[in-house]
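Asks: Heads up: the protein sequence lines correspond to chains P and E, in order.
Here the first sequence is numbered in this note's numbering, starting from 1 and rising by one per residue.
Here the second sequence is numbered in this note's numbering, starting from 1 and rising by one per residue.
Bear in mind the hints are in silico, worked out from the structure with no lab data behind them.
These numbers were taken from a predicted model, which means no experiment stands behind them.
Among the hints, erroneous ones may be present.
Among chain P residues calculated to face chain E with C-beta under 7 Å, some are [stated by the list, open to error]:
1. Thr-186
2. Ser-190
3. Asp-215
4. Leu-316
5. Leu-331
6. Pro-398
Built from N, CA and C at the ideal position, the CB exists for glycine as well.
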Amino acid sequence: MFRITHLAAAVDARARAIAAGLSISELRALLRGDKPGERPNPRYRAHVISFLLHIRPRTYPLASTWFTHTFRLGFFTTFFFVVEVLTGIVLMIYYVPTPDQAYASIVRLITRVPFGELLRDVHRLAGEGMVACAFLHMLRTYVTASYKGARSFTWLTGVALLAITLGLAFSGYLLPWDQLAYWAVTIGTSMAAAMPWIGKELNTLLRGGPNIGADGLLRFYQLHVIALPLAALLLLGAHYYKVARGHGLSLPAHIEEGDLPPAERAAATRRIDFIPDLLAHEVFLASLGGLALIALALFVYDAPLERHANPQRTPLETAAPWFFLWVQGLLKLGDKAWMGIGVPLAAFGLLAALPYLDRNPSRLARRRPLALGLGALGVAALIVLTYLGTPGYGVHLPAAVAIGQAMAPEEGIGPLRMVPFDDLPLGVFAAEGTDEAALPASFASVLSDLRRRLAEADARGALPQARGLIIVEEWQADLKRITLRITWTTEPAGETQAEARQVYTRVFYIHRQRSGHD
Amino acid sequence: MELSLSRLLSHLPLLARIQLNRREVLSYAWLGALGALGVAAIDAGLKFALPRAAPGKLGGVFDLGPLANLPTADMPPLSRPDGRFWLVTTPQGLIAVQNVCTHLDCLCNWDEQARQFVCPCHGSRFSAEGSRLDGPAPRALDRLVVQLVDAHGALVAETDPHTGAPLPTPGSPDSQTLADDAAMASEEDEQPAESIAPELFVRVDTGRKIIMATSS
Numbered sequence: 001m002f003r004i005t006h007l008a009a010a011v012d013a014r015a016r017a018i019a020a021g022l023s024i025s026e027l028r029a030l031l032r033g034d035k036p037g038e039r040p041n042p043r044y045r046a047h048v049i050s051f052l053l054h055i056r057p058r059t060y061p062l063a064s065t066w067f068t069h070t071f072r073l074g075f076f077t078t079f080f081f082v083v084e085v086l087t088g089i090v091l092m093i094y095y096v097p098t099p100d101q102a103y104a105s106i107v108r109l110i111t112r113v114p115f116g117e118l119l120r121d122v123h124r125l126a127g128e129g130m131v132a133c134a135f136l137h138m139l140r141t142y143v144t145a146s147y148k149g150a151r152s153f154t155w156l157t158g159v160a161l162l163a164i165t166l167g168l169a170f171s172g173y174l175l176p177w178d179q180l181a182y183w184a185v186t187i188g189t190s191m192a193a194a195m196p197w198i199g200k201e202l203n204t205l206l207r208g209g210p211n212i213g214a215d216g217l218l219r220f221y222q223l224h225v226i227a228l229p230l231a232a233l234l235l236l237g238a239h240y241y242k243v244a245r246g247h248g249l250s251l252p253a254h255i256e257e258g259d260l261p262p263a264e265r266a267a268a269t270r271r272i273d274f275i276p277d278l279l280a281h282e283v284f285l286a287s288l289g290g291l292a293l294i295a296l297a298l299f300v301y302d303a304p305l306e307r308h309a310n311p312q313r314t315p316l317e318t319a320a321p322w323f324f325l326w327v328q329g330l331l332k333l334g335d336k337a338w339m340g341i342g343v344p345l346a347a348f349g350l351l352a353a354l355p356y357l358d359r360n361p362s363r364l365a366r367r368r369p370l371a372l373g374l375g376a377l378g379v380a381a382l383i384v385l386t387y388l389g390t391p392g393y394g395v396h397l398p399a400a401v402a403i404g405q406a407m408a409p410e411e412g413i414g415p416l417r418m419v420p421f422d423d424l425p426l427g428v429f430a431a432e433g434t435d436e437a438a439l440p441a442s443f444a445s446v447l448s449d450l451r452r453r454l455a456e457a458d459a460r461g462a463l464p465q466a467r468g469l470i471i472v473e474e475w476q477a478d479l480k481r482i483t484l485r486i487t488w489t490t491e492p493a494g495e496t497q498a499e500a501r502q503v504y505t506r507v508f509y510i511h512r513q514r515s516g517h518d
Numbered sequence: 001m002e003l004s005l006s007r008l009l010s011h012l013p014l015l016a017r018i019q020l021n022r023r024e025v026l027s028y029a030w031l032g033a034l035g036a037l038g039v040a041a042i043d044a045g046l047k048f049a050l051p052r053a054a055p056g057k058l059g060g061v062f063d064l065g066p067l068a069n070l071p072t073a074d075m076p077p078l079s080r081p082d083g084r085f086w087l088v089t090t091p092q093g094l095i096a097v098q099n100v101c102t103h104l105d106c107l108c109n110w111d112e113q114a115r116q117f118v119c120p121c122h123g124s125r126f127s128a129e130g131s132r133l134d135g136p137a138p139r140a141l142d143r144l145v146v147q148l149v150d151a152h153g154a155l156v157a158e159t160d161p162h163t164g165a166p167l168p169t170p171g172s173p174d175s176q177t178l179a180d181d182a183a184m185a186s187e188e189d190e191q192p193a194e195s196i197a198p199e200l201f202v203r204v205d206t207g208r209k210i211i212m213a214t215s216s
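One chain only, chain P, in its complex shape:
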């Protein structure tokens, strides 16, 4: 009898040592939703003696946890960061950061390694989610004016975290060493060169030489897996600690400042415990987020992988990642030093200085029309610039090349590659005058698509008397060679000389067992 109680006490002591002072019966009380069984409350003490819990507040005023106040955007930013760290560490097992092996290691990862493609998709998707949530979190903080007074330093760490998040996304972009990566980073580092005084050095420092090569890839890899994550972790700690020990989550402005009946205010500011209520809520949100990530990565989202990087050829329609389209839009507007560096730096400078510029003490929306108006203007500018940054705007491909890109793009799939292998009949097919009834439906529709595009370009005067051909040849067993040929005259409509015709040709190959990536 004596021994059993002795043993029970020893087990309990072990449990307390591991579970931040919570005994086994206390842990069970948490799961049952019971009130704390000991005094002083061991659930509060856990926030003092546990490292992980000490950066979380022990209680929250109820209104600060309303979903419509925070939308859990900060939580999801951190959640995505954790997902990035975990999946990133696993991906490092197979990734090789050298130009001759990087691309092959990704191909191997997504074709040969069980769950490899899923992991890569989740990593990329969560990275984009982190950028989106960080931005929206900042927007929410701006709209609810939660950057004022004691929170100004927290806002500053948040601005730095947004910059680091963008840096993480950008540095990860180069690692697959495909065309998209190589040229997006060439543009990005070339922008850095436009910086006054330090630009040239910064450019060479990042690229590791005059052009991006083995040195540059290694540098971006190092930034992506060590330097930037460490900086993010440090700042994230400061960001969280200020919330936990400094000022807490902000209340909705109308609760903090509004003219509320005392009973309503008391109900809204009633404090609820982090353990177990909010902790359980966060576990639920994380599970939901994890499930959504995996489902999207499995069924909807494919991390892009273009062709192997070719330093001798810039692909048509080079696109920045969506969260940098606004910079690409700025670049199309003017000088790279002013637009590419000056405006983004000024925007970040304004964001950082915001708590010191905005001296209006009120947080109520109706008392800060100027701040909200400027904010709406900023978001509108961002949307317009993003639109300007899309590849179609501002870059005019030659008409024939544009049709070639639309039918069978250099990167990606396009309608011509979508035709099933067995539906590609051998032979020469003119866009006009082919008996489409005799052809497989999918191929016939591509042919009529081509005819429509040619007629449209002809009508525009871009391709006078345009004619199109699709030639399908059996090249090897299970391999077909497709030739798309467009010819037109340079003369205005009228006389037709065979020798004056211009020719545009695009050739590619389709294998019977092509994968979805092609």
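Add chain E to chain P, keeping to what the hints say.
Replies: Chain E alone, transformed into the frame defined by chain P:
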């Protein structure tokens, strides 16, 4: 007990007013030394990380074969992606135009329809001679030095590296100077200047980049 240093400092009126004591002065001294050490460490770090490779790795001389085999002015220019340039034949002579867009280093493509160079990234357009027509690029495409050599590899003529003007070839309107050069070169071989024009070969020196004036 008072050190002479602190007594000396106390004679300076400003320092006397803010009342530095000995410990504070020494603290500033070692903090300053630490700061200087930090700056030196940053400098050392930059020296460590800045690549030492000479700029312009492509810097070699590219052989483009006999002059007679080059595309004529109405054909697309000769593309050498490995050297990042095109050789453009113009009525005035030969120009080696770098294909690196002066905006953000994308490689331009030749648009045969418009006879222009088009940057696929942000839509800058350049004429066949490389001068800026449209788009965000700040200046004309850079040029490289074109060289004409004879069968023995002796230099007959090359692009003026200051102006980057087209290098005249026999048959082009400005070819008088070239003919003189060729004549001089052939004199060294003790051949009469009136003999059949010697066969010329074209080379491009990618190590010598000519940045064109912004106005062009």
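Asks: Indicate, hint by hint, whether the structure satisfies it.
Replies: Right, here's what the structure says about each hint:
1. Thr-186: 5 Å, holds
2. Ser-190: With a minimum Cβ separation of about 4 Å from chain E (threshold 7 Å), the hint on Ser-190 of chain P holds.
3. Asp-215: Hint on Asp-215 of chain P: holds, closest Cβ of chain E at ~6 Å, below 7 Å.
4. Leu-316: 5 Å, holds
5. Leu-331: 5 Å, holds
6. Pro-398: 5 Å, holds
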